[in-house]
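Residue numbers (our numbering), protein chains in the order written: chain A, 104 to 436; chain B, 511 to 824.
Treat the hints with care, since some could be wrong.
Straight-line alpha carbon distances no greater than 20 Å define the calculated EDC-like cross-link-like pairs of lysine to aspartate or glutamate that follow [said to hold, decoys possible]:
{"hint": "1", "chain 1": "A", "residue 1": "K269", "chain 2": "A", "residue 2": "D254"}
{"hint": "2", "chain 1": "B", "residue 1": "K656", "chain 2": "A", "residue 2": "D214"}
{"hint": "3", "chain 1": "A", "residue 1": "K269", "chain 2": "A", "residue 2": "D255"}
{"hint": "4", "chain 1": "B", "residue 1": "K656", "chain 2": "A", "residue 2": "D262"}
{"hint": "5", "chain 1": "A", "residue 1": "K269", "chain 2": "A", "residue 2": "D258"}
{"hint": "6", "chain 1": "B", "residue 1": "K659", "chain 2": "B", "residue 2": "E734"}
{"hint": "7", "chain 1": "A", "residue 1": "K269", "chain 2": "A", "residue 2": "E304"}
{"hint": "8", "chain 1": "B", "residue 1": "K659", "chain 2": "B", "residue 2": "D736"}
{"hint": "9", "chain 1": "B", "residue 1": "K659", "chain 2": "A", "residue 2": "E245"}
{"hint": "10", "chain 1": "A", "residue 1": "K269", "chain 2": "A", "residue 2": "D214"}
{"hint": "11", "chain 1": "B", "residue 1": "K656", "chain 2": "B", "residue 2": "D736"}
{"hint": "12", "chain 1": "B", "residue 1": "K656", "chain 2": "B", "residue 2": "E734"}
{"hint": "13", "chain 1": "A", "residue 1": "K269", "chain 2": "A", "residue 2": "E245"}
{"hint": "14", "chain 1": "A", "residue 1": "K269", "chain 2": "A", "residue 2": "D295"}
{"hint": "15", "chain 1": "B", "residue 1": "K659", "chain 2": "A", "residue 2": "D262"}
{"hint": "16", "chain 1": "A", "residue 1": "K269", "chain 2": "A", "residue 2": "D343"}
{"hint": "17", "chain 1": "B", "residue 1": "K656", "chain 2": "A", "residue 2": "D407"}
{"hint": "18", "chain 1": "B", "residue 1": "K659", "chain 2": "A", "residue 2": "D214"}
Away from chain A, derived, C-beta distances all over 10 Å, residues of chain B [to be verified]:
{"hint": "19", "residue": "L610"}
{"hint": "20", "residue": "D625"}
{"hint": "21", "residue": "A684"}
{"hint": "22", "residue": "G701"}
{"hint": "23", "residue": "L713"}
{"hint": "24", "residue": "F753"}
{"hint": "25", "residue": "V770"}
{"hint": "26", "residue": "A809"}
{"hint": "27", "residue": "W812"}
Just so you know, these hints were derived from the structure itself, not from any lab.
By construction, the Cβ of each residue, glycine as well, lies at the ideal position given by its N, Cα and C atoms.
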Amino acid sequence: MPAPPDAVGTPAARPAAAPRAATGHQAPLVVARGLTKRFGSSTVVDGVDLEVRRGEVFGFLGPNGAGKTTVMRMIACVSPVTAGHLSVLGMDPGRHGPAIRARIGVVPQEDNLDTELTVWDNLLIYGRYFGLPVAVIRERAEELLSFARLDDRRDSRVDPLSGGMKRRLTIARSLVNRPELVLLDEPTTGLDPQARHLLWERLYQLKREGVTLVVTTHYMDEAEQLCDRLVIMDEGRIVDEGSPRALIDRHSTREVVELRFRLREEQQDAVPRLDHLGARLEPLADRILVYADDGDATAAAVADRGVRPESVLVRRSSLEDVFLHLTGRSLDE
Amino acid sequence: MSEAPGPRRGAGEAGEPSAGTAVRGDAWGTGGAGGAPPSPGHGAGAATGAWALPAQAVRALPMLRVTEREARVWARTWPTSLLTGVLTPVLFLGAMGVGLGGLVDDNRGTVDGVDYLSFVAPGLLAATALQAAAGDALWPVMTGLKWVKTFHAAAATPLTPAQVYGGYLAWIAARLLLTSTLFTAVAAVLGGVPSWWGASAPLAATLGGLAFAAPLAAYAAGQESDLPFSLVMRVAVIPMFLFSGTFFPVDQLPAGLEPVARVAPLWHAVELARGATTGAIAPAAVAGHTAFLLALLVAGCWWGGRAFRARIAP
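Please work from the sequences and hints to get the whole structure.
And the structure:
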C-alpha cells in the first residue's frame, strides 16, 4: 500500500539502488524499539516502538508536548537516545550521526533560514554544509527554486518572504542533498489555508517521487490528508497506530452527531435522556457527541426523545474522534 | 572527522533521457546534466573563481564549511566591515601615538626603550583584536544558537555542533588576522614598527584575540539572553583594553593591580606583539606568553565544543 507503483525508476528510488546492504528496498528506514528520552527526571518519550517504511508518509499525531518533536530530533540524529533501540537507514544515530544526516532532510518546527543571506544563497550555503561542490548545488538550486515556486524571489532576502514562502524554502533547502528520508516537524503550523494547501500539494509531489516523509502534526485533517500510516502519541507514548481509515474504523463509528445547546443546563438535562442512543455518548464542555453508524437516523431519534438542541450536525468520524476516544481529551486542549 | 557521503545516483539513472522530467524534473530534476556529479572528496571543478582555492581547504576540513558561510556573508559588505575594523584603531594610533606620543616623548624621551608611537602601536594592535574578538564571540553566537538558529540549521547536516563552533572560531581568526595585518601595515608606514619582526605581530594579536574568543563563545552559548553581554564588555573587555600594558607599562599600575594585569590574556598578547614590532624580547618570554595563550585557547575550545553540543543537541 505505501509504496507508490511508479516508485521504481523514479529519481528518489535511486538511493535504494546504492550499494548499502542495510537499507535494501524492503528494510524499514527507521526502526525504534522501546525508544526513550529523559531530560533530568522527566520522561519525554517513553518506550516508543515504530517502523517507517520506504516510500510512505508516516505521521505522528498528538497534542503539543506529546513528545513528537523529541522523537523527530532523535531520528534526525541531533538528540541523543536515552534508552532503547533506534536505527535510521540501517545505522545507529549514536555512532553514525554525520553519515545518517548526510542522507536525510530536516524541516524543523521553527524556520531557521539564514536571514543574512538571499533565498539563493540559503540553498547554496546549505548545500556547502553537506560538502557538495558549488556547481552541483547550482544545478539543484535551480530545480529546487521552481519546486518551491520561488523562482522570482531568488535574490530576495528571507525576512520579507511570507510564512508559506519561508516554509517552502525550508523544505527546498532540506532537499539539497537529495535525501531518502525527509523529516517535517509541524510543516503547516501557523500558515493560512491557502498556503497549507500549496504546501500539501508540494509534499504529495515529493511522495509521488518516492521520497519517504515523516511528519508531525497536531492537525487531524493534515494527518488524514497526508499520511499513509500514523501513530497517535500522547504523553510520550504511542497510543495506537495504523492508517487513518483503519484507526477511525477501529475506534469510532462511521458517523457522529454533534449536538450543541444554548444553555449548559439544557445539555446536562439532555445527557440522561440520550442514554443508550448510538454506540457511544461523549459529553464535552460545549457539545454532546453521539457516535453512530447512521447519523441521520440517530439525529431523528434525538428529536423523538424530545431533546431540542440549538444545532444538530451529522458528520463522518475523524481522527479527532479517535484521539478523543483514546485519550479522553481533544487534540487542541 | 567524517566526510559526508556524496549524492548517490543509481546505476541506470545517470544517462537516462529526460523523458519523465515533467514530473520528476520538478523536485529532483534529473534531466539534462548527464553523468553523475562528482562526489565531495574527489570533486573536479567544484568551485570557480575566487572560491576555488579555499574550496580545496573546505573539502579537507568540514568545519571550514561554516567558516565559508561567514566569509560569504562578509564578502557582501566587506568594504564597510574592513574600513570600520581598521579605521578605528588607526584613529586611535593617530591620536595616542602621534598626538599624545609627541608630548610623552618631549617629557620622557622613551617608554620601555622606544618612542611612544612604537610603544603604543602593538598595544593598540592586540587590544583592538581582543575587542573585536569579544564582539564576535558574544552576539553572533547568540544569533546562531538562539535568535536565528543558523547554527542549529548547520548541525542538521553532517556537521557536528563542535565543528560548527570550530568553524565559527576559525572565521574569527581569519578576520582578526586580516584586520591585524592591515593595521600593522599602517602603523609601519607611520613609523610605529621599528623591527622587521613586526611582520609576525598580527599573528600574536590574532592568537590573543582567539584565546579570549574561544572561552567567551563557550560562555555565550550557555546564556539565555544577551543581557550580561554588555556587562562582560564593560567589566572585562574595556578594563583589559585600557590596563593590560596597552597605553602604558603595567609596572605603572598600583602595586595590587599589577599581578592582575599579568594574568589577563591581553597582557600576554600585547607583550608578544610588542616583542615582535620592537624586536626586543627574549625567546623564553615568547615561549611563555605563547604557551599561556595556547593553553587558554585549548581550554576554551574544549569548553566550546561541549557548550555548543549542550545547546544544539541536548
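Checked hints:
1. Between K269(A) and D254(A), the direct Cα distance comes to roughly 13 Å. Compliance with the 20 Å bound is thereby established for this hinted pair.
2. Between the alpha carbons of K656(B) and D214(A) the distance comes to roughly 12 Å, so the proposed pair stays at or under 20 Å and holds.
3. For the given pair, K269(A) sits about 14 Å from D255(A) by alpha-carbon distance, which is consistent with the 20 Å threshold.
4. At most 20 Å may separate the alpha-carbon atoms for a hinted pair to count; K656(B) and D262(A) meet this at roughly 17 Å.
5. For the hint pairing K269(A) with D258(A), the CA-to-CA distance comes to about 14 Å; that is within 20 Å, so the pair holds.
6. For the hint pairing K659(B) with E734(B), the CA-to-CA distance comes to about 13 Å; that is within 20 Å, so the pair holds.
7. Our distance criterion of 20 Å between C-alpha atoms is met by K269(A) and E304(A), whose separation comes to about 16 Å.
8. For the given pair, K659(B) sits about 15 Å from D736(B) by alpha-carbon distance, which is consistent with the 20 Å threshold.
9. Distance hint between K659(B) and E245(A) is unfulfilled; the C-alpha atoms sit about 25 Å from each other, more than 20 Å.
10. Restraint check for K269(A) and D214(A): the C-alpha separation of about 7 Å stays at or below 20 Å, so the hint holds.
11. The hinted pair formed by K656(B) and D736(B) meets the criterion: a straight-line CA distance of about 10 Å does not exceed 20 Å.
12. Under the criterion of a C-alpha separation no larger than 20 Å, the hint pairing K656(B) with E734(B) is consistent with the structure, at around 8 Å.
13. Distance restraint check for K269(A) and E245(A): the Cα-Cα separation of roughly 17 Å lies within the 20 Å cut-off, and the hinted pair is therefore satisfied.
14. For a cut-off of 20 Å, the pair hint linking K269(A) to D295(A) stands: about 13 Å separates their Cα positions.
15. At most 20 Å may separate the alpha-carbon atoms for a hinted pair to count; K659(B) and D262(A) meet this at roughly 14 Å.
16. About 33 Å separates the Cα atoms of K269(A) and D343(A), which puts this hinted pair outside 20 Å; it is violated.
17. Using a Cα cut-off of 20 Å, the hinted pair K656(B) and D407(A) is violated, with the two alpha carbons roughly 60 Å apart.
18. Between the alpha carbons of K659(B) and D214(A) the distance comes to roughly 9 Å, so the proposed pair stays at or under 20 Å and holds.
19. At roughly 39 Å, the least C-beta separation between L610(B) and chain A is larger than 10 Å, which holds for a residue marked as non-interface.
20. Taking the minimum C-beta to C-beta distance to chain A, about 43 Å, the non-interface status of D625(B) holds against the 10 Å cut.
21. No Cβ of chain A approaches the Cβ of A684(B) within 10 Å, the least distance being about 16 Å, so the stated non-interface status holds.
22. Once the 10 Å rule is applied to beta carbons, G701(B) is consistent with being away from chain A; the minimum gap is 40 Å.
23. Residue-level check passed: L713(B) sits 28 Å from the nearest beta carbon of chain A, beyond 10 Å.
24. With a least CB separation of 35 Å from chain A, F753(B) remains clear of the 10 Å interface cut-off, as annotated.
25. No Cβ of chain A comes within 10 Å of the Cβ of V770(B); the nearest lies about 39 Å off, and the non-interface call holds.
26. With a least beta-carbon separation of about 24 Å from chain A, A809(B) lies farther than 10 Å from that chain, consistent with its non-interface assignment.
27. Residue placement check: W812(B) keeps its beta carbon more than 10 Å from all beta carbons of chain A (closest about 19 Å).
The structure fails hints 9, 16 and 17 (numbered hints given earlier, in ascending order).
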